[in-house]
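4 protein chains.
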Amino acid sequence: MLDRTDPEGEIAKAAAKYSNWGRWGEDDVRGTVNFLTEVKRREAAALVRRGVSFSLAQSFDMNGPQKGWRRRTNPVHTMLDTGTDAALGNQGFPHGIGGADDVIAMPLQCSTQWDGLGHIFDHGKAWNGRPAERVVTSDGDLVTGIETLAAPVVGRGVLLDVGRVIGADGELPDGFAITEAHLTATAEAHGVAIGSGDLVCVRTGQLARVRRDGWGEYAGGPAPGLSFTTAGWLHRTEIAAIATDTWGFEVRPNEFDDAFQPLHQVAIPNMGLLIGEMWDFEELAADCAADGSYEFLLAAPPLPITGAVGSPVNPLALK
Amino acid sequence: MLDRTDPEGEIAKAAAKYSNWGRWGEDDVRGTVNFLTEVKRREAAALVRRGVSFSLAQSFDMNGPQKGWRRRTNPVHTMLDTGTDAALGNQGFPHGIGGADDVIAMPLQCSTQWDGLGHIFDHGKAWNGRPAERVVTSDGDLVTGIETLAAPVVGRGVLLDVGRVIGADGELPDGFAITEAHLTATAEAHGVAIGSGDLVCVRTGQLARVRRDGWGEYAGGPAPGLSFTTAGWLHRTEIAAIATDTWGFEVRPNEFDDAFQPLHQVAIPNMGLLIGEMWDFEELAADCAADGSYEFLLAAPPLPITGAVGSPVNPLALK
Amino acid sequence: MLDRTDPEGEIAKAAAKYSNWGRWGEDDVRGTVNFLTEVKRREAAALVRRGVSFSLAQSFDMNGPQKGWRRRTNPVHTMLDTGTDAALGNQGFPHGIGGADDVIAMPLQCSTQWDGLGHIFDHGKAWNGRPAERVVTSDGDLVTGIETLAAPVVGRGVLLDVGRVIGADGELPDGFAITEAHLTATAEAHGVAIGSGDLVCVRTGQLARVRRDGWGEYAGGPAPGLSFTTAGWLHRTEIAAIATDTWGFEVRPNEFDDAFQPLHQVAIPNMGLLIGEMWDFEELAADCAADGSYEFLLAAPPLPITGAVGSPVNPLALK
Amino acid sequence: MLDRTDPEGEIAKAAAKYSNWGRWGEDDVRGTVNFLTEVKRREAAALVRRGVSFSLAQSFDMNGPQKGWRRRTNPVHTMLDTGTDAALGNQGFPHGIGGADDVIAMPLQCSTQWDGLGHIFDHGKAWNGRPAERVVTSDGDLVTGIETLAAPVVGRGVLLDVGRVIGADGELPDGFAITEAHLTATAEAHGVAIGSGDLVCVRTGQLARVRRDGWGEYAGGPAPGLSFTTAGWLHRTEIAAIATDTWGFEVRPNEFDDAFQPLHQVAIPNMGLLIGEMWDFEELAADCAADGSYEFLLAAPPLPITGAVGSPVNPLALK
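Sequences listed follow chains A, B, C and D, in order. Heads up, the first sequence is in this note's numbering, so the first residue is 1 and it goes up one at a time. Heads up, the second sequence is in this note's numbering, so the first residue is 1001 and it goes up one at a time. Heads up, the third sequence is in this note's numbering, so the first residue is 2001 and it goes up one at a time. Heads up, the fourth sequence is in this note's numbering, so the first residue is 3001 and it goes up one at a time.
Hints may be right or wrong, so weigh each one.
[As the list claims (entries may be wrong)] Residues from chain A shown here face chain B by an in silico Cβ test under 10 Å; the list is partial:
id	residue
1	Val48
2	Thr73
3	His77
4	Cys110
5	Gly140
6	Gly221
7	Glu295
8	Ala299
These are calculated hints, taken from the structure and not from any lab test. Keep in mind it's a predicted model, so treat the numbers as computed, not measured. Here a beta-carbon is modelled for each residue, glycine too, at the ideal position from N, C-alpha and C.
One chain only, chain A, in its complex shape:
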């Protein structure tokens, strides 16, 4: 049982128990992505039966959920050149060629994303026990920048549609804490087993709900998500990464009286776990429900933005 009044103590216990510091050497910058081996990638490629691909990304535009918390805005996309200019002959190019160019300004955590290993610290320590101030300065993440994960993040994806298996009408309510029992029951219902190196996709159904009802407090408010108590499962299964269709991966409100994302504090700096947030599983989940197959090749490479502590991503599932 969690002591609701002592997040710091509970976090410390879990951090000690599930730490992967040193597991892949002092210089490691990949954390649990190390579990994703060539063998796993070969097996993942062999899962492709039909050749159907699914984008697991939400849109990147001004209609997103961000409201300004910690200066997180929705992406601002503007044009440097347009077709209207081209049509009016305003561009000064020869032989009838015209062009359009564009630019974007966005937080790297604004929409579908990976959290890099430099995204969260535990008492001033970053992944692998490094001092946070030596890792992430104003110049960005000098050690575990997201560019270090440019190549490896492709492997076996498994969808755990907890919303569909456990929830009513396919959705978990806000504040619902997904436990190991829920994860296991869902995997059994789907006929899959979670194993080392997997990229686990947990659908809560919250995204379906906010699409229907409006964003509301999707960015930072109450949400279904992983219970703090799943830390052991996250560690024991040796998954390479986990992603949810919610803003923050773990259940909100958090399971302590006064806390902020305690599972992040265990999972990222201590376990070295790659976490995906705001993924869109709706189309994939419908397909999985239809064909009964919840595993696929998943290619989800972050953009190699040097020194970034996160990256927008368009994860592709190929069945």
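Chains B, C and D: place on chain A using the hints.
Relative to the frame of chain A, chains B, C and D by itself:
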């Protein structure tokens, strides 16, 4: 023979000959990506033998080649929160958690990218014959925005290392026009055949050169690249997409006395061809040369930035 | 009487009646700022009695009123270097020097601002009758860019505190249309006369209200403001500029059944009037009420952002 | 004599000698701007004779001098709406109204600017002796943000055209160190005396040179500028602020064997001096030379960007 003095005439001829307007219906927004079918994706997945993955993206940072032409800058990545703040206890979070967040401002054409179908116009016409001013306004590409290609761009990648096969020391000189003969000879040397739905990767070696010698005029200056005369090959082979390791895909200076990217004018608005630029084939090419296998699964989904006429991308090759 | 059902007709009548096209020659780019002569500036300087200065700008930060309409966000200010980095010795500078730098991304209309003459068009015509498409392209305002007003905007400022004179408790309610009678009564109450070349500051009190009650719909919603019927007064008085403490200068909802900022359509492209929005008159107004003097030197130079159709500004009143 | 080999020692001596810490109380956030009193502002207003105004700002656009050092780019100005869209009827507004909006992304130190008091630290100390890490975090300058100077920066401006008085053809060569003797000689030649609360404008002529010859290394390279030895003069004269037409105010290369902006280290954190850079005195200087009057009212309010360590500014001189 091209009439060097008449780009407009030559473009008009090629446009007429190689147009795909209407080929996939009036409402089409995917162009040649339509050639990339489920069968092709299945075949591509079957190419994965070793489980090795390669990122084909250049870095996204201030050390890039952009110099401000058409307001194209290198990406500006800044931090919203840092490890130095966390270490100094400046963040106001409970129980010892600290965090780092970041933000980016960048042209969508600044580094490794796809050109969307709204990127280039021919005499005021966009892909499929639509009026440019109805397609790309200040609000972005309202019809063929890059988000329409979020899911399908995964298939068989083939590397044509023209630099290694045709060039001296693995590199083509700037201004070298790659012809159909060069492409065919390279494919033969590699033991591969280009077919419908392929994602063709053409390595010129220019990127290796500028890495060694400095960016110089990489962004917009002289470069090896596809000859205007390859338009027929691009059309006939029914490839889904083509990408190069250069800024602009086609040879520069262009093969006319006074011209600007004439092959773009044929390929994008008339043929509906998806073009990738500034890709990094160096590591992949070395591997292909080593194992003799130049085909692979290629997953290169653009970020679904609503209305964008291009997208940064981290293309993953899986062998 | 305005015909509420015919905004287009009423606008056309007012535009014809109050047009200044050609008044300062075909090449004019300054509009009513032409009224602000050297004589007026000398007279304005002579108004300075006490040497007290007031900033009339709202803050530029994430706590502003913008909600994303037309991609207008609040300013995003981020640091390139910080004191935390400097304190931790992370910056690599010699002899103990440390530094902080920063960057901003913001709409030019996000906070206290001037609307440039290229900001509004009337049936495709910009100021002085120029075709809108020849004036403002994706490259910005090629003719009347705000940089053309870099030097002249300093002169006699007059505060008309309509909120205090006409309103209850110093504030006009949302939807209150300020008429010529209200303006005249306020000037009389203050003992000032509005004259040619003046920079008129109209305080409605709405800013005081939203500061107390929350932004609500300050950005675009109901507000007190100038009645469409003041167009004649704006023209006849030959004022150089007018600014309000509201988002949009004119009353909202507008005084027609279906309309959007009809007074802008008359004032900017037809009259060439410089309009300021979201100014903060609170401190100045209290001072004016206290000392009974409502006129001052006003320096409000826009930032010379080449081609901008507006500019953030920190207007200084010197009494 | 400066010991060229010991910048740290020389800086320490000057810092001790010319420190203003505590001079205006423990809570002070204005530094030398405190010298700019109401009396000084009244006297400044009385200097206005002709009513002519001059903008002292360089342009804000992509044609600026920035080359990316410390992620300083030139401003990127893009349009959210354009006249081309309006002309083509693409905007969806009623009764023939059309509009243009725009957005900017820029470093606050990219063009004509004020350095805020949080811009430079001396051995981890900010202005008034505060710990740098408590003043400027990733959230910006929490104490001496430039918004604290929104109102007071208007007073007597004095142009010291050192380029014209001391230089050949009106320009000082790069690397020229302006000493107290040069400043005094220039003031004498102009018939002005520098006094407490003045806003001193030092023209070197470098801007005229780079306008003629190209930017070259204007941003950060060799330049004429104030000698380190002027620290005493800067302190003794009790000026409120000083600005130059160069990138960095002090002479470059700096006057030590291995140093970076040593005078900044004395002037900003220790003296609390407001420093302006990249100002444009060309038009004003010509006028002063013509009418023989080198003093004027100067209004140079920074934009109140909350927490900024600098601000773009359009300084207005009114003669």
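Taking the hints in turn, this is what the structure says about them:
Hint on A/Val48 holds. Least Cβ distance to chain B is approximately 4 Å, under the 10 Å limit. Given hint, A/Thr73 at the interface with chain B, holds; its Cβ is 8 Å from that chain's nearest Cβ, closer than 10 Å. With its C-beta approaching chain B no nearer than about 6 Å, A/His77 sits inside the 10 Å limit, and its interface hint holds. The beta carbon of A/Cys110 comes within 9 Å of a beta carbon in chain B, closer than 10 Å, and the hint placing it at the interface holds.
A cut of 10 Å between beta carbons decides the hint on A/Gly140: the least distance to chain B is about 6 Å, and the hint holds. With a cut of 10 Å, the hint placing A/Gly221 at the interface with chain B is violated, because the nearest CB-to-CB distance is about 17 Å. Hint status for A/Glu295: violated, given a least beta-carbon distance of 13 Å to chain B, over 10 Å. With 10 Å as the threshold, the beta carbon of A/Ala299 comes within range of chain B, its nearest partner Cβ sitting at about 4 Å, so the hint holds.
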